[in-house]
Every structure is written in C-alpha cells, then in structure tokens.
Amino acid sequence: MPTPMMFIQAESVSREYRLGETVIRAVDAVSLNVEKGEFLALLGSSGSGKSTLLSMMAGLDRPTSGAIRVRERNLAELEADELARYRRETVGMVFQSFNLLPRMTLEENVELPLRLAEVDRHDRASRVGEALERVGLGARRRHRPSELSGGEQQRGALARALVNRPAILFADEPTGNLDSVNGEQILLLLREIQDSLGMTIIMVTHERPLAKKFANRIALLSDGKLVSDGVQR
Amino acid sequence: MKTRDLGELAARNLREAVLRNSLTTLGVAVGVASLVAMLSLGVGLQTLASQRLTRSGLFDAVFVTSQRNFRGPGQRRPTDSTPKQESRALDEDARQQLSKLSNVTEVYPQIRFITDVRYAGKSETTSVLGLPDSSRSSGAFEGMTGAYFSSPTANEAILQIEFAKVLTDQPPSLVGKDLTLRYAERAALSKDTDDEALLDSMMGSGTPGGISIVPREKTLRIIGVTESDPSAGIGGFGGARIYLPLKTAEQLHVAQPDDLQAFLSGNSAKPSYMALTVRVHSPKDVLQVEASIKQLGFATFSLLDATKSLRLVFTVFDLFLGLFGSLALTVASLGIINTLVMAILERRREIGILKALGATDRDVRSLFFAEAGAMGLFGGFFGVALGWLIGQALTWGTTIYLHKQNLPGVKISYVPWWLALGAIAFAIIVSLVAGLYPASRAARLNPVEALRYE
Chain A
0 MPTPMMFIQA ESVSREYRLG ETVIRAVDAV SLNVEKGEFL ALLGSSGSGK
50 STLLSMMAGL DRPTSGAIRV RERNLAELEA DELARYRRET VGMVFQSFNL
100 LPRMTLEENV ELPLRLAEVD RHDRASRVGE ALERVGLGAR RRHRPSELSG
150 GEQQRGALAR ALVNRPAILF ADEPTGNLDS VNGEQILLLL REIQDSLGMT
200 IIMVTHERPL AKKFANRIAL LSDGKLVSDG VQR
Chain B
0 MKTRDLGELA ARNLREAVLR NSLTTLGVAV GVASLVAMLS LGVGLQTLAS
50 QRLTRSGLFD AVFVTSQRNF RGPGQRRPTD STPKQESRAL DEDARQQLSK
100 LSNVTEVYPQ IRFITDVRYA GKSETTSVLG LPDSSRSSGA FEGMTGAYFS
150 SPTANEAILQ IEFAKVLTDQ PPSLVGKDLT LRYAERAALS KDTDDEALLD
200 SMMGSGTPGG ISIVPREKTL RIIGVTESDP SAGIGGFGGA RIYLPLKTAE
250 QLHVAQPDDL QAFLSGNSAK PSYMALTVRV HSPKDVLQVE ASIKQLGFAT
300 FSLLDATKSL RLVFTVFDLF LGLFGSLALT VASLGIINTL VMAILERRRE
350 IGILKALGAT DRDVRSLFFA EAGAMGLFGG FFGVALGWLI GQALTWGTTI
400 YLHKQNLPGV KISYVPWWLA LGAIAFAIIV SLVAGLYPAS RAARLNPVEA
450 LRYE
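Sequence order for the protein chains is A and B. Residues in the first sequence are numbered consecutively from 0, following numbering that gives the first Met the number 0. Residues in the second sequence are numbered consecutively from 0, following numbering that gives the first Met the number 0.
Just so you know, the hints here were simulated from the structure itself, not pulled from any lab data. Note that CB positions come from ideal geometry on N, CA and C, so glycine has one too. Treat the hints with caution; some may be incorrect.
Claimed, not checked - Computed spacing ranges between beta-carbons, pair by pair: (1) A:Ser30 <-> B:Leu344: 46 to 54 Å; (2) A:Glu20 <-> B:Gly6: 19 to 27 Å; (3) B:Val330 <-> A:Asn176: 41 to 49 Å; (4) B:Leu344 <-> A:Glu15: 26 to 34 Å; (5) A:Gly229 <-> B:Leu18: 36 to 44 Å.
What the hints assert, rightly or not - Reference listing, derived: stretches of chain B covered by chain A, where coverage requires no fewer than 3 residues with Cβ under 8 Å from a Cβ of chain A: (6) 320 to 333; (7) 358 to 369; (8) 442 to 451.
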C-alpha cells in the first residue's frame, strides 16, 4: 500500500520571541505532517502557539529553527519575494476579524488577490463572480464590508481566499467573531469546499465541538508543544 | 502588481483620505509656487534687462573715435611701449570703410547739437539728436503718440514729452504741426576767397581751405510725442528733446565742436566725425569687429564686459531666489513625509492584509511611492499655475505702480516652458524622495505584526 503524499511537513519547528532579556518560545519543536485534501484543526487554548504555527505554515512568518516543507520546498529558506509568491499562488487565508478592506466594495476586496497575481483583467470579473456565488454573496458584490453582517463578511473573506484557487486554505479562528449559527455555516462551507475542490484546509480554533464536527483530524497544542494528534471518524 | 492596478489602488487610497491628501498636495503646490514665482521673477527681470539692454544698443555696438581726437571712454593712456599707429581721420571715407567690415550692420555718427526752436511765436533753446533708422526697432518709441519717421530723410521731428509740455499744455495736439529750427551751418570756404587769405594771414601759416558758420532755418513737421527717453548713454542713441532722422540731421551740416579741431589740423575740407557708432549683428561679434577697427587705426570702446558681469549678477540672483523657493518646497516635502508616515500607522493593518494576500515588499513600496508621486505631480501642476498667477499679480501690481509714476508697464515675471516642466519634475522627485522612507518602512512591515494591529 503506497504511503500517502505528505503535502505539508513541519519538522521540529520552533518560534521564539524576545521580550527584553526574556525569550518566549511560542512554538516548541513541533513536528506535524498534513496530507493533501486533509481538513486539520489546530486546537488549543489562548497562547498555545496554534496561530503562530499556522502563520509559519502560511508563509507569513519564519521559524526560528526547524523546517516547514510544502511540496518539498522549505519555506524557511525562501526569499521574501518567493514567500510572497507562495502566499499569492498556493495559499488562501481567512482571519478571525475578516480583514476585508473597509474602503473597498466586496467585489473589489475579492478582486485584490487577482490584481496582486497579475491575472488578466478580462478573466477577473468571472472569477470574482464565481467565488462570490460559491459563498452565496453574488447579490452583495457592490456592498462595502460595513454594509454586511459578520457572517457575510466572513463569507466574503472566504470568497477572497478562494478566488486564486489555492491548494491550501488557512483559517485562523474563522468563527471567533461569529455567533454559533453563523459559525457553523462558515465551517459547513469550508467542508463543502474541501469536498468539492479537494482543498487542504488547516484551521485554528479553540472550539473543540466545532473541530470535532467538521475537521478530519485534530492536533492539540499546549504551551507551544504538540500534545496530541488524532484522526476523526 | 501591474502598473495600472497600482495606479488604481493609489488613486483609490488618495481619494479615500481626500482632505488630508489635498492639504498635503496643497503644501507641495505652495512650495512649488514659491519656487516658480521666485525663479520666474528672476527669469523675467533677466529677460527684461537683456531686452532693454540689447535694444538700447549698448552691447551690440562699438564706439569708434579717431586716435587723434582723444582717448575714448574706458581707454587707457597709451604707454611708451605702445607702437605708434598712424592716426586717421574719422571722416566719410572711414565711415564707408567701417560699414564694409564683416558682421557690421550699421555705422552712424552722433549728430547732436543745441539749437533754437520756434513754435507758435515762442522761442526755446534745446538739444537735437539725429536717430539712425535702427532706432525704430529699439522699443524706445513703443506707445508714443503719433508715428515714427515716415522715411530716413523725412523733414520730421519727434518731441520728447517734457519739451512738448514747454511748447503747449496739450502735447498730443502738437502732432501734425510745424516747428522751425534755427541752427549754425558749417560751410567750407573755397581757396580763392578773400576770407581764406584773411584767415591765412591771421593764422600765420599756409593752411589751405577754411570753414564758415552760417545761420540757417529748417521747418520740420512734428509727427510724434514720446514719453520715454531713448537715452542709452554711450554707444546708444543718447538723450535729447527733439529727434530727427539721422540723414536729415546730417544734411543740415550743423557746426559740431570737432569742426574747429578739423580746421586747425588742416582737414576742414572734408567733414569729420567726433565719433561713430558701429552696430554689429550680435554681441558675440563685438570683439572681432573691435579688433578689425583697431587695425584700421581707430580707437574703440564697447560694453561687452558689462554683459558678462550682468550674467554673473543674474546667475547669483537666480541662485538665491531658487534657494528661497526650495526652502518652501523642503517644508512641503516634510508635509509629504508626515502624511505618508501617518498613513502607514493608519494603514498598518491594510499593509498586513495586502502582504497576507501575496503582495511583495516591492508592491507595497510602489503603492506608497505612487501615492507620493501623484501628490508631487498634482502639487507640481497646481504649484506652477499658482506660481504663474503670483508672477502675473506681481507684474500687474508693478505696472499699476509704474503707470502712477508715468512710466510704461513692464513684464517682470516670465515662466518659460523649461521652468514649468522642471518645477513639475522637481516636485515629483522631491515627493518621491520624501516618500522613500515611509515606503521602505511600509514594505518592511512584518505581516503578522501588521495584522495584529488594531
């Protein structure tokens, strides 16, 4: 039986921060493999290092030591421009606070990754429309974020994360600012996307029930260390 | 990111903080305006001075005297070591010879005399000057009442307004009227006259020929009254109260102070001139023409060196004006730095989002650069317009003041195309330099820290 392809490999990854004389180890020698198409939930309490680990895997931050390999490429060794390209072409991100640009309409927000990726203007409108339809916001494209509910804003952020057709979707506490109904809707949407597009999803959450309900696998972090890693169902 | 997308994003950002960005742009515009206004003043004054001086004939003319007459103005006393050249008379032959030199456009004598003028029963004594035809384009008669001489030999006169006021309370009414000159004509005596024998006996020598002074009258039609004084000192046309065409003045054969000298030196048969003005194509020809004239045995003088000093003065003047203008622009550029640094603080989260979505450091830097450049472009454009308006206002104010002083208006401010384009380019460059630090700071922001910023 062939070994499943390791899509993302974190090898003894550590991330330290200095606060004056004190060294804080936010992530402490974590090793973790993620398969292609997996829905992994990084679970842990506040300050457990789960968001820091997610940032490093998403190419937003670099480990102090260790390696993070995505498709056999070590992110820690990439130049700044290559890392930006990785974020642009391979990764989609959803944040707890949505992070839509308030001055832009929903449509313009979703178009932003396409501008950065220098996608042809003629293709943009259809791709933006497609992404917004997928999250059920086709009719709200001209609205600004302030004119949308929290759930709609997060779905808009999800459309923006999907518009570049990334291989991996990183979600940092995507339900943190939502009520339970909207939170479940968002995770349901993530699950549908994973099923239909075969996308790898890594989600940070501190809500165990939601993680159990929607993720294939749960990795538990505590004080920067990986304490358990188990497949669901 | 493509340039068009960059431009669109920058334009959107500028529009969103329209008040602050407009005020910053206005700061740049005021800086550029002060720079443009000051330099346009420098350029305008320099142009005005150059035009007036060129028209005056000071710098494209060589003043020629006979070496036997006297040292010309500005000439040094010849030293013993100076080889003695043969002294030549400055007569009609010499005038013809000088007019044939290359780059010489005109050679004319200074015909100036004091005479008695009769008009409407009044008699006044005043000075008369013969004007060469080239004085028509000198600009000295712009805006005069009446017209310039109809021909170089016309029996016409132009009066200076102060003299016209002596003749009548209504100077413009003089145009078309006649006046009469009473003057002393110089006439050569023939050898066989008794007068000559008498003179010979008186002089105790065998000097041939002689001169006589005969009173004459000449009626001239007044065709113009000028407020300006076409006086331009030596080499120029000189000041007087009545102006005649030069040829008309020459034909009067008015006795000149050097006639006596000519008589004593035995050259009275041929009229000679005290001085001739040789006009050349352009000031750069002056040195060469001066050298040629000296070779012919005449003394020369020109004011070419004065133009070099003038250029030096204006260069220093422009430098200082530019310096003051640049100070204003420096203050404006500090405004740009402040605006962009504040924008980084405000847009820290936005920068984090852009980076999370895959923007490179270069994209972020370019975005801030584009915003700074756009502020510079608009600031430069409005600054040039504002600077031009300030210049026009200065010209307007100066003209009103000059008119109150009974002087013609002048254009003291001039914005040439190179100043307009240069100022806009300068504003963009200053803005980009001002945006350098904020843009680099924005580009260096850590996306994780930027996203955490509330």
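Consistency of the hints with the structure:
{"no.": "1", "hint": "A:Ser30 <-> B:Leu344: 46 to 54 Å", "verdict": "39 Å, violated"}
{"no.": "2", "hint": "A:Glu20 <-> B:Gly6: 19 to 27 Å", "verdict": "48 Å, violated"}
{"no.": "3", "hint": "B:Val330 <-> A:Asn176: 41 to 49 Å", "verdict": "44 Å, holds"}
{"no.": "4", "hint": "B:Leu344 <-> A:Glu15: 26 to 34 Å", "verdict": "27 Å, holds"}
{"no.": "5", "hint": "A:Gly229 <-> B:Leu18: 36 to 44 Å", "verdict": "56 Å, violated"}
{"no.": "6", "hint": "320 to 333", "verdict": "violated (count 0)"}
{"no.": "7", "hint": "358 to 369", "verdict": "holds (count 5)"}
{"no.": "8", "hint": "442 to 451", "verdict": "holds (count 4)"}
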